[in-house]
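Engineer: Throw the hints in and build the complete structure from the sequences for me.
Residue numbers (full-length UniProt numbering): 1 to 438.
Because the hints were derived from the structure by calculation, they are not lab data.
Just so you know, these numbers come straight off a predicted model, no measurement behind them.
Worth double-checking, as some hints may not be accurate.
Claimed, not checked - SDA-like mimics (lysine to any residue), calculated; alpha carbons at most 25 angstroms apart, straight line:
#1 K185 <-> D169
#2 K394 <-> R367
#3 K108 <-> R62
#4 K215 <-> W187
#5 K189 <-> L329
#6 K23 <-> R102
#7 K140 <-> R62
#8 K140 <-> R46
#9 K108 <-> E59
#10 K11 <-> E116
#11 K189 <-> Q250
#12 K407 <-> V380
#13 K407 <-> S362
Claimed, not checked - Derived DEER-like restraints, expressed as beta-carbon distance ranges:
#14 E81 <-> E238: 36 to 44 angstroms
#15 D165 <-> A299: 30 to 38 angstroms
#16 E238 <-> T36: 27 to 35 angstroms
#17 E14 <-> S363: 40 to 48 angstroms
#18 G261 <-> M162: 43 to 51 angstroms
Where a beta carbon is used, it is the ideal one built from N, C-alpha and C, also for glycine.
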Amino acid sequence: MELTVDRTAMKQLEAWKTSRNRKPLIIRGARQTGKTWLSEEFGRTRYEAVARIDLMNNERARSFFDGDLDVSRILRNISLETGVPITTDTLVLLDEIQECPRALTALKYFCEDAREYHVIATGSYMGIARHADTSYPVGKVDTLTLRPMDFMEYLRAIGQGMMADAMSDGAGIADLDSGFRDRLKNWLKEYMVVGGMPAVVADFAEHHDFNEARKLQREILDDYDGDFSKHAPLRILERIRMVWASLPSQLAKENRKFIYGALRPGARAREFEESIQWLRDYGAITKVPAVTAIRTPLAAYEDSAAFKLFAVDCGLLGALARLSPSTILEGEKLFTEFKGAFTEQYVCQQLVAQRLSPYYWSSPTGRAEVDFVVDHPDTVLPIEVKAQENLQAKSLRVAVGHFDLHKAVRTSLAGYRDDDWLLNVPLWAINRLAALPL
1 MELTVDRTAM KQLEAWKTSR NRKPLIIRGA RQTGKTWLSE EFGRTRYEAV
51 ARIDLMNNER ARSFFDGDLD VSRILRNISL ETGVPITTDT LVLLDEIQEC
101 PRALTALKYF CEDAREYHVI ATGSYMGIAR HADTSYPVGK VDTLTLRPMD
151 FMEYLRAIGQ GMMADAMSDG AGIADLDSGF RDRLKNWLKE YMVVGGMPAV
201 VADFAEHHDF NEARKLQREI LDDYDGDFSK HAPLRILERI RMVWASLPSQ
251 LAKENRKFIY GALRPGARAR EFEESIQWLR DYGAITKVPA VTAIRTPLAA
301 YEDSAAFKLF AVDCGLLGAL ARLSPSTILE GEKLFTEFKG AFTEQYVCQQ
351 LVAQRLSPYY WSSPTGRAEV DFVVDHPDTV LPIEVKAQEN LQAKSLRVAV
401 GHFDLHKAVR TSLAGYRDDD WLLNVPLWAI NRLAALPL
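Structural biologist: See below:
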């Protein structure tokens, strides 16, 4: 089943299409995030025609990029292969471009010699390509990173688009009747099990079968493992698998900090740094570094030795941990499972979906810790995640006082409330954080 809703990224594609400085676009992201569907749907609805070639499964199409990289010749061959006349109102789609390094190089010439044509390339391992021995067209392409569906996209996919629209800003969130809270909590629990991988969401939206959702997630995990074997350097393959498999246990610790020694006794950073970077480039994990101070810009205060690692998707994390959907859907258990790790995973995923770069902060004594810190459009913002309706905010109070901050956010199952220095944003609305006035 295909999704019938627009991804939020469709608006970014529309802006790219009309940009005066448009370059060939690379849509990158982890496997199964919907890159091909998004680009084909964009072409179908916004262009006269789509000329798509599959560079993974079509050897003849890969041969179009042998020899010289003359754009006219390449376009002529793509047109003959697809049976689609290529004009300036045709979307040229190069699917799975990572399988053809010469096609990646050719994007430079599309930029320099034929910018009137609209070219999109999709790739699952483009972060890896930038670090590998590949002629990546730096400065000659635009990029869009496609991530799993966020909670608002999920609501639209299951037919609750009006509810998502009602939470478009702080006023809408605040005005939501408290009677909707239980419904939103139940949808949130569903999302934390189903996750945001489009194929899983599409199947669940039609059949509402949690066990089938988990089966599909395990198939995606099997695909990831196959990619590790196919694309990772053999010398770090075992360590990549060790890091990936350790995510549930690492996040189950009280402070979530990634500990190398938990991988194997005596493990050191230098042994695993490359493996962690590979998983980041692949798109499977998000690294959340510590900062020594909650001041802007946060990157200037990064402590590279301390960090947390989160999975790309909360549903995949549940499958990786082999948690039974029927067990964790009971009551409020999902929000407190693994000491609230799934709630923190969910919040991280929603922050990243808003193109925010999350960090975290611990006091030198370790007595106060702020789960996430982000550069908000208006300020630097500490965020505390509460798995239930616990409204204490001791660590936030310490951080606000120590760094003279004017606003902090607590996200919990409680309703929206703005109390001077502390803004409580419901977990189901944290996806709107970047749009909230502070």
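Engineer: Does each hint fit the structure? Answer for all of them.
Structural biologist: Evaluated hints:
no.	hint	result
1	K185 <-> D169	holds, 19 angstroms
2	K394 <-> R367	holds, 10 angstroms
3	K108 <-> R62	holds, 17 angstroms
4	K215 <-> W187	holds, 20 angstroms
5	K189 <-> L329	holds, 7 angstroms
6	K23 <-> R102	holds, 18 angstroms
7	K140 <-> R62	holds, 21 angstroms
8	K140 <-> R46	holds, 23 angstroms
9	K108 <-> E59	holds, 22 angstroms
10	K11 <-> E116	holds, 21 angstroms
11	K189 <-> Q250	holds, 22 angstroms
12	K407 <-> V380	holds, 9 angstroms
13	K407 <-> S362	holds, 18 angstroms
14	E81 <-> E238: 36 to 44 angstroms	holds, 40 angstroms
15	D165 <-> A299: 30 to 38 angstroms	holds, 34 angstroms
16	E238 <-> T36: 27 to 35 angstroms	holds, 31 angstroms
17	E14 <-> S363: 40 to 48 angstroms	holds, 45 angstroms
18	G261 <-> M162: 43 to 51 angstroms	holds, 49 angstroms
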